[in-house]
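*Asks:* Heads up: the protein sequence lines correspond to chains A and B, in order.
With this note's numbering applied, the first sequence covers 200 to 847.
With this note's numbering applied, the second sequence covers 200 to 847.
Derived from the structure by calculation, the hints contain no laboratory data.
Treat each hint with caution, since some may be false.
[To be verified] Residues from chain B that keep clear of chain A, each with C-beta distances beyond 12 angstroms, as calculated:
| no. | residue |
| --- | --- |
| 1 | Ile273 |
| 2 | Ile290 |
| 3 | Pro363 |
| 4 | Ile392 |
| 5 | Lys533 |
| 6 | Leu620 |
| 7 | Val776 |
| 8 | Pro806 |
[Said to hold, decoys possible] Computed Cβ-Cβ distance ranges for the label pairs, DEER-style:
| no. | chain 1 | residue 1 | chain 2 | residue 2 | range |
| --- | --- | --- | --- | --- | --- |
| 9 | B | Pro622 | A | Asp795 | 49 to 57 angstroms |
| 10 | B | Cys842 | A | Gly825 | 51 to 59 angstroms |
| 11 | B | Ser383 | A | Gln355 | 29 to 37 angstroms |
| 12 | B | Val226 | A | Glu755 | 45 to 53 angstroms |
| 13 | B | Leu688 | A | Phe523 | 48 to 56 angstroms |
All C-beta atoms in this analysis are idealised placements derived from N, C-alpha and C, irrespective of residue type, glycine included.
There are 2 protein chains.
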Amino acid sequence: MEPKATTTGLPQDTHFMEITLEAHQVVPPPPTSTFDHVKNRVKETFFPDDPLRHFKGQPVRKKWILGMQYVFPILQWGPNYNLKLLRSDIIAGLTIASLAIPQGISYAKLASLPPIVGLYSSFVPPLVYAVLGSSRDLAVGPVSIASLILGSMLRQAVSPSADPVLFLQLAFSATFFAGLFQASLGFLRLGFIIDFLSKATLVGFMAGAAIIVSLQQLKSLLGIIHFTKEMGLVQVLTSVFKHTNEWSWQTILMGLCFLCFLLVTRHISLRRPNLFWVSAVAPLASVILSTILVVAFKAQNHGISVIGKLQQGLNPPSWNMLRFHGSHLGLLMKTGLITGIISLTEGIAVGRTFAALKSYQVDGNKEMIAIGLMNIVGSATSCYVTTGAFSRSAVNHNAGAKTAVSNIIMSMTVMVTLLFLMPLFRYTPNVVLGAIIVTAVIGLIDIPSAHAIWKVDKFDFLVLVCAFLGVLLISVQGGLAIAVGISILKILMQITRPKTAMLGNIPGTDIYRNTDQYKDAVGVPGFLILSIEAPINFANTNYLNERILRWVEEHESEQDPKGLSGIRYVLLDLSAVSSIDTSGVSLLMDIRKALDKKDLDLVLVNPIGEVMEKLNKADGAKVLIGQDSLFLTVGEAVASLSCAMKSS
Amino acid sequence: MEPKATTTGLPQDTHFMEITLEAHQVVPPPPTSTFDHVKNRVKETFFPDDPLRHFKGQPVRKKWILGMQYVFPILQWGPNYNLKLLRSDIIAGLTIASLAIPQGISYAKLASLPPIVGLYSSFVPPLVYAVLGSSRDLAVGPVSIASLILGSMLRQAVSPSADPVLFLQLAFSATFFAGLFQASLGFLRLGFIIDFLSKATLVGFMAGAAIIVSLQQLKSLLGIIHFTKEMGLVQVLTSVFKHTNEWSWQTILMGLCFLCFLLVTRHISLRRPNLFWVSAVAPLASVILSTILVVAFKAQNHGISVIGKLQQGLNPPSWNMLRFHGSHLGLLMKTGLITGIISLTEGIAVGRTFAALKSYQVDGNKEMIAIGLMNIVGSATSCYVTTGAFSRSAVNHNAGAKTAVSNIIMSMTVMVTLLFLMPLFRYTPNVVLGAIIVTAVIGLIDIPSAHAIWKVDKFDFLVLVCAFLGVLLISVQGGLAIAVGISILKILMQITRPKTAMLGNIPGTDIYRNTDQYKDAVGVPGFLILSIEAPINFANTNYLNERILRWVEEHESEQDPKGLSGIRYVLLDLSAVSSIDTSGVSLLMDIRKALDKKDLDLVLVNPIGEVMEKLNKADGAKVLIGQDSLFLTVGEAVASLSCAMKSS
């Protein structure tokens, strides 16, 4: 009969004995001073990428060169630049310029700014970024969502039609604050703040914002003159259907034609990535074609509104227009903060995406400084908030851009436009600009990602929906705030209600795993083995106390099949407890006391470095880590204690 | 030479082979529907104690009885009540009454309310609690900190001397809101909100509040007439030394004598717990003695201020004084919220402390409902905010209280006082009340706990200091808000910067542990084994990406001593990753791609239930969990992959 007894699925006695002989001690980590502790913490918090590691052990001269290259990445790739790279960059630069010019004009109108400010913003910032930025694919310029937010927030205080100069001053000042805020985040190495915008939040937010932006285009697409100043879904649709008498069939016809043309070219480029240039040149082609049509048919006299006369010449200085005091200061800082964070998020995400594709690294904090400085310089040279735009960067990448020189080429092309070609835009119809914006923002509605999120994590999808509906029904900032709030709440809830699992032995091994997940894992008579799967801190000690005692209560009365007594030891596997605080240490002592009253022993398994250290330091907790109540693995604990149980 | 090769400290090949044979599969948890998922989540979040578990499988009649007992705990212990228990409860009840009467009068003055309101509040609420409460040791009545906050917040809007009726109305209304808020928290099972007040926060906050309360007593202790209405340390001390001409030596002398007497009795009771009654009756003895002294020497004519004439009779109804509209509503709700949370925290903490001593359970959410209802009833019967007071409950416990009947006895004693003994307090000097308050709040300064926190966790100590200084220098609510903010920030920081550790093999076993903590753990050539010690989510994916690639970079170039190639496999031990979201799944895929480019293989080890489930669901993540890239333990992974490495 004996051989049979060893196949009951429970760990075999001989196996136990063997392991007991090799039982290992849990040791606290080597002692470190409080100063070292704080130093390490600060280093991991603010310098997780260890930016100085390349400097170590280098001669002083080399350190200087590395330092300059760190501040000005252009010095890194500049010296090795050659004609072959230049050829690629020229092609890419011209391609994105053809996209940047109509988009610049359109986005400036979205922000209620004069169209030319959009072109100014595509001239200076790309030059600054080319010197300071570390991404090779980012195409810099104004972007739709930041333009939308900037315009809508400033319109709360000042009407762009009633007081255009003040509005312009506010726009440049908000840009300055956005840049200051971005650069400070990078400089103070607080870049991780943008990490709190999760992918789900962004997908929902972008989709909502894209719809809001598209709705705003109904003004130019339908030719409505008296359009609402509100942004909400309901208000815009009400306004649209209240002014049906203003709808202009000529405008609608023209809009539909160009919208179809742009969407078809977009579709072609999506299907055949090597035909990326089809959608890249389509906007400029539409602008040219529609302008010719207007001029040919004198359509401006038939209800089709056109841009009108545009100024000529390069960016005028605007530092004297920045306002650092007065009643609007609060609004300006808030606008700067929100547009700054949003445009930073887009810029960094775009940079990281393409860096991963070409496997180089972009340093988030360095990028923030680059984007921030670019906006500060921009605010002094008649530019509004700019960042790395997703659609244009994708075109830049597909067009074969090799370095930031493509930004310089684009900038030069915009310069030529500003100097010589501005009169050509006089008769460009607004309806085409609307169609260009709609086509651009449609790409922000990312249904495949939303579907993937739905499949993997329902809670993340809820966050997405909240961001989406919040943006549509409340406001752009409101939706964002709600989504971030829910995401953080989720993290806090996970901390407040950490998972506890009962572990069982996988027969024939000394591996112990969650009995819910591993159906073949079986309990060991006399033992209740629980694993706690979260840091233990003040926010969850009360819960853990109740939950662990409930586990004990539920299993206390259970008789094991052989009719032996119930549980005798409660093992807490602390492998997954990454940290503990004073409340957590008290919790363990409280549980020990509560178990003592029930005549059960508490055994801790594998407390990791920090946890072990704190248990060591707390006076009363010494009993927790004595002989027979602390083991390195569950297997060793069960083996050793089973022997003790038998012999007693 | 061969036997020597096996003692190099590295796992032995034969050992590997043996384990490979038993390699185990990682299985996803059994599939559950989204509904079950949500149900489980809701249950763990709101019903972690599974309050209905005693109801399961009971006949209907029994269920009814259990239900009534659940709502009215008095039905649970009432039927078994006997004379022996009553004797203990009478002794305890009389003891706490002797403490409650002088403290009630003093605390009401602290809240700028008529002294008699303090006695009213010691009459009705204890009766309500005796029926609804589940703690057997809680002594209910007004407490110092809630009185302080209530008074100081309401004084911002209304002066208690200029408009005493309005002030009283506001106090009762704030009490109503506090009760409503407390009961709602319990009813909605949101009790965990008070868990966010960590022990460190409370120790710092209590100490700061004790000093603020003591400073306020300088008015009566020094006999100052024109005292500041501010609460801050600086303002009070300025006011005290600006009015030195008002200091009255008779008052100071009397104050010092009684303060010494009270402190000595307190010291005696602390040293000899069986002499608890010495400090328990000292306040009443002081009141009686000082009143006799005043009457004997006609001291009220010699600069000693006395309470004055007090009303007689039981609590008048006050529901018609509750204000639910008007300009003060916002302040009332805020005051109710803050005093409600603070008094709840004290009441629940006290209840839990003594429940743990006598090993019974108090249900936090049920207690909240009891305390909340008690305050709602109180607000309609001329009582202000009450809760379980720490000092009185300790006396109650020491005096041998067995059930909530001791509260009923106390309440009856207060009733007798209200009906017949009020004229006796007419000549009680205010200075004695001040001395009673100072002696009571000194116990809130918990230096041993502060020292223990300093020893175990420096960051917790920082939270403590912030709460302490915030209360002293900013405001009571401000200090509390800062401390809670910092505590939550700490949790978020832990999430944003999770720990990663390199694991090594403990020679002669297949245990793998952190090489920093276990100095004898050695790396395995060809493998980089990392463990991630936190949930992976949007807030830390960027950090983890950078950090893991930095680990790889640092070890890539390392040659192992035998001159073999560098690392070949990167193992991520996910045992401690308690959850993952969509961003986390993307992170793992990104890391895989990045490692692919370096010609390294990514291997996952022991993803627990939820993580495995999500990896299974995500389309692109299937490659992550294929053969040879997913193992149940690090040991099995190393064994199996070593074989593969050798054979290739």
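*Asks:* Closest CB-CB distance from valine 776 of chain B to chain A, is it above 12 angstroms?
*Replies:* Answer for valine 776 of chain B: violated, closest chain A Cβ roughly 8 angstroms.
*Asks:* May I ask you to test the hint 48 to 56 angstroms on the CB atoms belonging to leucine 688 of chain B and phenylalanine 523 of chain A?
*Replies:* With a Cβ separation near 30 angstroms, leucine 688 of chain B and phenylalanine 523 of chain A fall outside 48 to 56 angstroms, so the hint is violated.
*Asks:* Is it the case that leucine 620 of chain B keeps its Cβ farther than 12 angstroms from each residue Cβ in chain A?
*Replies:* The claim stands: leucine 620 of chain B keeps its Cβ more than 12 angstroms from every Cβ of chain A (closest is about 42 angstroms).
*Asks:* If we take the beta carbon of isoleucine 273 of chain B, is the closest beta carbon in chain A still more than 12 angstroms away?
*Replies:* The assertion about isoleucine 273 of chain B holds, with a minimum of 23 angstroms to chain A.
*Asks:* Regarding the assertion that proline 806 of chain B does not contact chain A, is the least Cβ-Cβ distance greater than 12 angstroms?
*Replies:* Contrary to the label, proline 806 of chain B does not stay out of reach of chain A, its closest Cβ about 10 angstroms off (not over 12 angstroms).
*Asks:* Please settle this one: isoleucine 392 of chain B was flagged as non-interface, so is its CB more than 12 angstroms from every CB on chain A?
*Replies:* violated, 9 angstroms
*Asks:* Can you let me know if the beta-carbon spacing of valine 226 of chain B and glutamate 755 of chain A is within 45 to 53 angstroms?
*Replies:* The hinted range 45 to 53 angstroms is violated for valine 226 of chain B and glutamate 755 of chain A, with Cβ atoms some 29 angstroms apart.
*Asks:* Would you say isoleucine 290 of chain B is clear of chain A, with no C-beta pair closer than or equal to 12 angstroms?
*Replies:* Nearest chain A Cβ is 26 angstroms from isoleucine 290 of chain B, so the label holds.
*Asks:* Using the beta carbons of proline 622 of chain B and aspartate 795 of chain A, state whether their distance is inside 49 to 57 angstroms or not.
*Replies:* holds, 53 angstroms
*Asks:* For the range 51 to 59 angstroms, tell me whether the beta carbons of cysteine 842 of chain B and glycine 825 of chain A fit it or not.
*Replies:* Hint violated: Cβ distance 41 angstroms, outside 51 to 59 angstroms.
*Asks:* Measuring Cβ to Cβ, find out whether lysine 533 of chain B lies farther than 12 angstroms from everything in chain A.
*Replies:* At about 21 angstroms from chain A, lysine 533 of chain B clears the 12 angstroms cut-off, so the statement holds.
*Asks:* Is the hinted range of 29 to 37 angstroms satisfied by the C-beta distance from serine 383 of chain B to glutamine 355 of chain A?
*Replies:* Once the Cβ atoms are compared, 35 angstroms apart, the range 29 to 37 angstroms for glutamine 355 of chain A and serine 383 of chain B holds.
In the structure shown, a violation is registered for the earlier hints numbered 4, 7, 8, 10, 12 and 13, in ascending order.
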